[in-house]
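Trainee: Please model the complete structure; the sequences and the hints are all you need to start from.
Protein sequences appear in the order of chains A and B. For the first sequence, this note's numbering assigns the number 1 to the initial residue and increments by one for each residue that follows. For the second sequence, this note's numbering assigns the number 1 to the initial residue and increments by one for each residue that follows.
Don't read these hints as lab results, they were simulated from the structure. Check each hint, because a few of them may be wrong.
[Unchecked claim] List time: in silico DSS-like cross-link candidates among lysine-lysine, alpha-carbon distance up to 27 Å:
{"#": "1", "chain 1": "A", "residue 1": "Lys-41", "chain 2": "B", "residue 2": "Lys-68"}
{"#": "2", "chain 1": "A", "residue 1": "Lys-41", "chain 2": "A", "residue 2": "Lys-22"}
{"#": "3", "chain 1": "A", "residue 1": "Lys-22", "chain 2": "B", "residue 2": "Lys-55"}
{"#": "4", "chain 1": "B", "residue 1": "Lys-68", "chain 2": "B", "residue 2": "Lys-55"}
{"#": "5", "chain 1": "A", "residue 1": "Lys-22", "chain 2": "A", "residue 2": "Lys-40"}
No experiment lies behind these values; they were computed from the predicted model shown.
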Amino acid sequence: ETGVTQTPRHLVMGMTNKKSLKCEQHLGHNAMYWYKQSAKKPLELMFVYNFKEQTENNSVPSRFSPECPNSSHLFLHLHTLQPEDSALYLCASSQAGLAGYTQETQYFGPGTRLLVL
Amino acid sequence: KNEVEQSPQNLTAQEGEFITINCSYSVGISALHWLQQHPGGGIVSLFMLSSGKKKHGRLIATINIQEKHSSLHITASHPRDSAVYICAVKQTSGSRLTFGEGTQLTVNP
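Mentor: Structure, rendered in structure tokens:
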């Protein structure tokens with residue numbers, strides 16, 4: 001148990017559906033991240049939120065829409081996804097200094113395994 | 001070519017064996033992380049290194065900044081060590097982590 005929870009753990013959706021992934025951290029951290037892990041590929045950073053502000057969008061398609069209402073919660077809203085978006089989506093958090101989240105250890109959630117049909 | 005390369009990609013060992021997983025990188029870094037991912041998907045941070053060596057239980061991580069290389073060693077391996085081990089670097093130019101593809105370790109009883 002890392003202190004980062006994600007729901008749902010598994011999700012199957014059609015290409016016309018709208019769904020949301022939720023992440024919650026109980027560690028008092030101020031930075032949160034969304035990562036995508038596709039089969040046989042390295043982890044890819046999608047979004048970073050620092051003190052609730054989005055500080056990084058790694059050229060992610062607009063069909064993925066993040067939301068960070070407070071420093072403990074992070075959402076990833078999904079709409080009109082494609083089958084190639086099927087992957088494991090991991091949330092992480094860290095305690096970042098004012099200069100950024102440079103060297104802090106990130107704590108990962110268990111991930112949401114997404115299948116788009 | 002990836003900026004972070006791990007070897008081997010797959011490793012099978014017998015219980016009790018000494019295991020080494022290697023990570024090489026081609027960029028300037030300020031820190032290197034070793035992560036462990038279990039079959040369910042959750043990732044646990046094992047070590048963060050910027051120099052030298054760290055030890056935690058049966059796990060040892062070393063880094064050679066000049067050679068741009070890090071190793072993760074597992075002594076007296078156990079089937080519960082079976083997981084994917086991921087190397088990630090924090091580049092000096094920028095603030096994101098760059099990940100290797102991971103090494104799938106299977107330890108047989």
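Trainee: Hint by hint, say whether it matches the structure.
Mentor: Do the hints match the structure? See the list:
Distance check on the hinted pair: A/Lys-41 and B/Lys-68 sit about 22 Å apart at the alpha-carbon level, within 27 Å; holds. A hinted pair counts as satisfied when its Cα atoms are at most 27 Å apart, and A/Lys-41 with A/Lys-22 qualifies at roughly 23 Å. Taking the CA atoms of A/Lys-22 and B/Lys-55, the gap is near 34 Å; set against the 27 Å cutoff, the hint is violated. Pair hint B/Lys-68 plus B/Lys-55 holds up; C-alpha atoms about 20 Å apart against a cutoff of 27 Å.
Our distance criterion of 27 Å between C-alpha atoms is met by A/Lys-22 and A/Lys-40, whose separation comes to about 25 Å.
Violated hint for the displayed structure: number 3, the only one.
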